[in-house]
Amino acid sequence: MSLKKFQGTPEVQHPDSPDNPDRPGDRVVRSKGEPGGRRRSSAASPLWLVVTKWLLIGTVLVVLAFVVQKLIEQGSWVGVVIAAFVAMCVLAVYGTRHAVPLKYLLPGLLLLVALQIWPIAYTVGTSFTNLGDGHLISKQESIDSIIANSVREVPNAPRYLLSVAVKDGADPATGEAFYLLTEPSGKPLLGDKAGLADLPAASVEKAGNGRITKAAGYQILTAIQVNARKDLNEFAVPTAEGAGIKRVGLAEAFQGKANVSYDKASDTLLDSATRKTYIPRKASWVPKDGQGDTFPQGWKENVGFKNFSNVLTNETLRSGFLKIFAWNMVFAVVSVLSTFVLGMLLALLLNDARLRGRALYRSMLILPYALPIFVTALVWSSMFNQDYGLINKLLHLNIDWLGDPWAAKAAILITNLWLGFPYMFIVCTGALQSIPGDVLEAAKIDGASALRTMRSVIIPLLLVAVGPLLIASFAFNFNNFGLIFLMTGGGPFQDSNFSVGSSDLLITYAYRLAFSGVSPNYGLAATVSLFIFFIVGLMSYEGFRRTKSLEEVN
Amino acid sequence: MSTFPDAVPLAVPHSVDKAESAQPVRPRPGSFRRVWWRHGLAILALVWSLFPIVFIISAALNPSGTMNTAELFPNNISMTNYDALFSDTARPYLSWYKNSMIIAGSGSLASVFIGACAAYAFSRMRFTGRRPGLFALLLLQMFPALLAFVALYVTFVRVGNILPAIGINTSAGLILAYLGGAMGANVWLLKGYFDTVPRELDEAAKVDGASHARIFFTMTLRLVMPILVTVFMLSFVGLFGEFLLASIFLRDVDSQTLGVGLWSMMNVTGDRNKYFGQFCAGAMLASLPVVLLYLGFQKQLVGGLTQGSVK
Chain A
1 MSLKKFQGTP EVQHPDSPDN PDRPGDRVVR SKGEPGGRRR SSAASPLWLV VTKWLLIGTV
61 LVVLAFVVQK LIEQGSWVGV VIAAFVAMCV LAVYGTRHAV PLKYLLPGLL LLVALQIWPI
121 AYTVGTSFTN LGDGHLISKQ ESIDSIIANS VREVPNAPRY LLSVAVKDGA DPATGEAFYL
181 LTEPSGKPLL GDKAGLADLP AASVEKAGNG RITKAAGYQI LTAIQVNARK DLNEFAVPTA
241 EGAGIKRVGL AEAFQGKANV SYDKASDTLL DSATRKTYIP RKASWVPKDG QGDTFPQGWK
301 ENVGFKNFSN VLTNETLRSG FLKIFAWNMV FAVVSVLSTF VLGMLLALLL NDARLRGRAL
361 YRSMLILPYA LPIFVTALVW SSMFNQDYGL INKLLHLNID WLGDPWAAKA AILITNLWLG
421 FPYMFIVCTG ALQSIPGDVL EAAKIDGASA LRTMRSVIIP LLLVAVGPLL IASFAFNFNN
481 FGLIFLMTGG GPFQDSNFSV GSSDLLITYA YRLAFSGVSP NYGLAATVSL FIFFIVGLMS
541 YEGFRRTKSL EEVN
Chain B
1001 MSTFPDAVPL AVPHSVDKAE SAQPVRPRPG SFRRVWWRHG LAILALVWSL FPIVFIISAA
1061 LNPSGTMNTA ELFPNNISMT NYDALFSDTA RPYLSWYKNS MIIAGSGSLA SVFIGACAAY
1121 AFSRMRFTGR RPGLFALLLL QMFPALLAFV ALYVTFVRVG NILPAIGINT SAGLILAYLG
1181 GAMGANVWLL KGYFDTVPRE LDEAAKVDGA SHARIFFTMT LRLVMPILVT VFMLSFVGLF
1241 GEFLLASIFL RDVDSQTLGV GLWSMMNVTG DRNKYFGQFC AGAMLASLPV VLLYLGFQKQ
1301 LVGGLTQGSV K
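Chain order of the listed sequences is A and B. Note that this note's numbering has the first sequence beginning at 1, numbered continuously upward. Note that this note's numbering has the second sequence beginning at 1001, numbered continuously upward.
Please note: incorrect hints may appear among the correct ones.
The calculated DSSO-like cross-link candidates involving lysine-lysine, where the alpha carbons are at most 30 Å apart (straight line), are [to be verified]:
| id | chain 1 | residue 1 | chain 2 | residue 2 |
| --- | --- | --- | --- | --- |
| 1 | A | K393 | B | K1274 |
| 2 | A | K214 | A | K230 |
| 3 | A | K409 | B | K1274 |
Hints were generated in silico from the structure; no laboratory data involved.
This is chain B alone, in the form it adopts within the complex (with noise of 0.2 Å):
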């Protein structure tokens, strides 16, 4: 649900980090002259990359606050879109922080322990139904959950008039929802990783006496922490710049998402000139969660991405 598929299993014949210690790392001297074009390229590349994100920031700080002074490096540096971002009460931008915070986190966290359950019992286990399982859950995640928006919004009204604490415009209905993509979505790059902790280990656990969840709950699960942050972070990601269902499923201002919230602001106030410094501002903000956890865990998210299914 974020820009582009999250991750499937990819078949790569060694891990990222067998090769790269394989190469020399250090750069030799004077290497430079042969190198300068790499660097004219990939300064051309940043400039591609980055010159939006330069205009966002720009326009946030941007005193006036309209579309039309906006530049993209700023003449002056002020806060006022932030105030007016803070003090709107028709837009209640911290309860669309607050919500998207809640949506993401739980929802992602849930995914992630319902994944991980799923895939241990696909990798460690062997039961009638494992392999249709297994492909079955493949082709499902080709029919995106979204396609059937229809039938989730009439199901969740129908909820909502027997329990409305989970019904159309909550943040439960909302998580509960994506949580039907839980196990699709991660169990073949979950499963492949959990492949590659040796089953000798459960062996000799099992030996001493340790139950099935005694393993997985005390060992499994810290063997395979770095696969469990990367599909956290992607689900995460996922969530919280999801935009489709929180749309039908959030209709009062208060209930609504960051991203349903500034498009809103975008577009129903019909004004996206005035409002696109205060936009800016929000989008700034909105942008910062995913973006320290994409430059934190950077490492997790290419060898996750990467060598899901090494074997």
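Here chain A stands alone, though its shape is the one from the complex (with noise of 0.2 Å):
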């Protein structure tokens, strides 16, 4: 839009502008007496801005509220303080004429320290636990879940009828679970988690075998609705001190006693049917006298430094991890210097404007980087497929790519080299163009030659142009996830080794002691990442501050 537009339209105004503190240099134009604070005197904003402002504003707060009201159901007091502050902020912000520069920044502020910051201080503090398979639940959670399995059915005593129902108008995906029992001799029963309770006999019906089918107040849950609710496998009746009546398939229940018991003075833990004493040791109930099972229930609870020791000193640890990031370094380094090569060779090429068709040469060029990750990375593991392979086939060899770990660590930097020569070669052209044209001529005159002109003049321009992007594209590769998932998902694994692949990046490694290992272990993967974080940032940042580049923020 152009100034005369504006020139030409002074009547509307908005509120906020007059009293921007932010801006010293603007105070002149807002004396009195200047045509600015003049009108600003004599209009007001139009209506439907500001209904439009506060309805916006009203938006956000009722979500919040809403959002409130969902947390308060839940018990999560942190997450009401946490709404109640944003909401706070929101209304601050936006509804005063203050704090002008954070009515721009506060949307990106808040995504950024709640999906940035906050998961980069709880990874941080999930690197000092042993949070992982087996290590979920609380010390508290864990005996509950012990006693509950452990209940067993009473010898001989009676197996109840079993409908499982909700309060009507309860979800029946999360709503409290009730039992409706039928008795042996025919009377029926309510259970809930308090303990039972007579249900009046006039309220329900039943089907032929005693099994009540409808009761006021309830809603009773289909066969699909029973198997998908997974706390009810750790739901019982209370009856008795320890002893409970438990679901046992679709439509009975049983009277049951727990073998396993607590005692807290001890901290321990008593199986009465084997008579085995089970002691806390490393976050798990392990038996005390050493023989047999431990608990699966473990527990979890800070570790204080064991994470990050056991990177360090552990054997296999230590030794997977040093292979991983040698092999890691290798991969980002070769990565960044072959595909700048390459794209800077290219873009000196086709920098010639005697050169017809350019343009059609770089579209074709850059074709390799449009195309999704996924894609490029699946189809080229596909082209290096030993038997069916395109590779193979075309240049009549019988290269096992993605079997043998040297081969697959070429076969992943010749894929890389192709995914990323585009993104060199594209921002070579933007800094060759830009080479003012005087110094070249300078150098002519001087006598130098072309190569000399090449070697003195126009890559050391380049490399200033440049150097940045090579560490931010050094920073990326370093933590190339995509494609080596995509391409060899860290293999091949040697020595039935199926923890460390002989082409995993760190990042990779993390993923799989996270979420694709037998037994995932945050703890540990946490601790990864975050020594991921420090190689990566003190890397880049020494490299930006060699460049200087940070120097010219004005």
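The two chains are supplied separately, each in an independent frame; assemble them into the complex guided by the hints.
Below, the structure is given as structure tokens:
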């Protein structure tokens, strides 16, 4: 929009402008007697703008109120405090005329804090714990779970017929569960988490076998709904100390008694059936005499620097970590250098005004960069297939590209060269075109040959311009998860060691630790992530400092 | 999140357009003899850059649709792979396509808007914490959000327990997770371009009584449209190809994106050979939006990547 249009429509104004305290330089134009100052007093911002603004603020507040209500239902008081704080921020920033920069920064800032800074902080926290498979819950929850699982049917006790229900109107998937039971004598009973109660016989309808099919005020769940509720496996209607009624199958329940009991004073679990005592060791319940199995339900606890020292001192972990780290560095450095050299050569090749069809060449050359990574990585990994792959077929080779550790690394580097050179080509082309013509002319007048001009003028200027990009490219490739995961999955794996693959990067290693291993270990994965943070951050900061690009901020 | 880092500010002394116009654009007649070797090498480069793409297309059109019968150039052409792709009920390709477009489209729109707002504040206003803020953003960018994937996963599982609409397995949740990096990733590039718009324009509008919001929405945003297009494109391509978070977040086959879906078609089925044609057909269609974006906005892309911090 041109300036003229603004000058032509001076009567429309907005309430926020006049009192912007952050622009001392603007005071001049706002002093009394100036045109801006005079008009300000005569016109207000149009009604629809004010209404829209407050409608938007209102919508945000209503949404937050809804969230708060949900949070209160779940008893998450930290969440309530956070939501209330966000609401106050929104009101304070957008409801007043102060803090103009914040009006523009707040949405991004909130998202940044919630979804980038908080996860980093959480990662740091997790790296000091043993969070992982079998260590997801608190100690009390692990005790409860072990006791509930140890409920066994009391011999000769009666079996009940069972219908699982929730209160009318409650969500079948999450609502509090009620057990509608029929005693062998035919007497209907109602069981919930508090205990057993009588159910008036008049309010229920029964099937032929005595199972309750309808009850006033309750909604009976279908078999599918019952199966979907994993929480019912742990649910027992308490009847006496350590005993309860548990579900068995879909339509029956039994009177059972917990074999395991917890002794708070000695902090031990006692299994009355096997007469074994279990003591807490390494966040799990282990048999005191050392014989027999540990309970699978462990708990989450702080382990201090154990994860860090494990990575650095545990023989298997350390050798794996160092191996991966070395390949990770080689991969990132070779990728950056190879793509840069090829991209630069091509840019130099096409940077000749006499060349016809340059635009066409350029469009075609950036195509590899335009394909999504999941397409290119998967296609290349298929092309490297030993038996059917295009590469072996075209070159009449028989290399097991993805099965041999060294061939796999070569295959990945070739693929990444293909993926990455167009980006370098683009930025080098831009940088070449921006080298001032008079510099080249001066070199010519001084009698420099074409080669000499290239070596002493063009390439140094090019490097100055793309230096920061090379660092960023290094940082990116250091964590090039997509390529490795999609092409080789970190493999091939050697000597039946399935935790460390030959082409693993640190990030694919951390991913496998957390998500695809036999026993996920989030704590260790977070530790490896922190190592990556540290390495990449340090290198990038050092690189940026050397290229002095940070000093140009104004 | 695409192949290489999207963009960082680049200290280029002059803009591309200026330099381009300074050079003679029309080739002189008879110069072919002096540049034929350049043509030769360029064609060699084209062979290198295009042969996998030709291979995808020919495998997609290959009637038998297996990997061992796929050649660089097809002998026969048929649409059987596309039929298989669209009629495969276990792998709902169209849902994946829709999910990918929604996630990448709305994610990058929101990300451009958030980035532009922040860049406006950083470029036009002076406030405490401005310089440290800018440096902090640059450093944060060095720590890619995906490194914190464990934390994001655990957080969103908890959020999903309270607000199922934005939990794990939802597009909205994934978009939100992507938006965490919206400000850090693009602010430098955007700010560099915002700085090139003369402040005198703002001053003049202000003299005429326009508010900061009015200046931003009706004037600045239009003047910086080229960089907005570039950033939209870069983040669209990045989100479209993002794999790590998408594979962690989207577990149900119907909620998956193209990347996760096509990957599982090749890996989870365990029969790469059999599904190869179907995969290539899907891959070809999946590449279309991005390739069209690239070819259509090539100028903005090259310009945006290289003149981000031109002052």
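Is the straight-line distance between the alpha-carbon of K214/A and that of K230/A 30 Å or less?
-> 23 Å, holds
CA of K409/A to CA of K1274/B, is that 30 Å or under?
-> The hint holds at about 26 Å.
Hey, K393/A versus K1274/B, does the alpha-carbon distance stay inside 30 Å?
-> Answer holds: K393/A to K1274/B is near 18 Å, not above 30 Å.
Every hint, counting from the list given before, is met by this structure.
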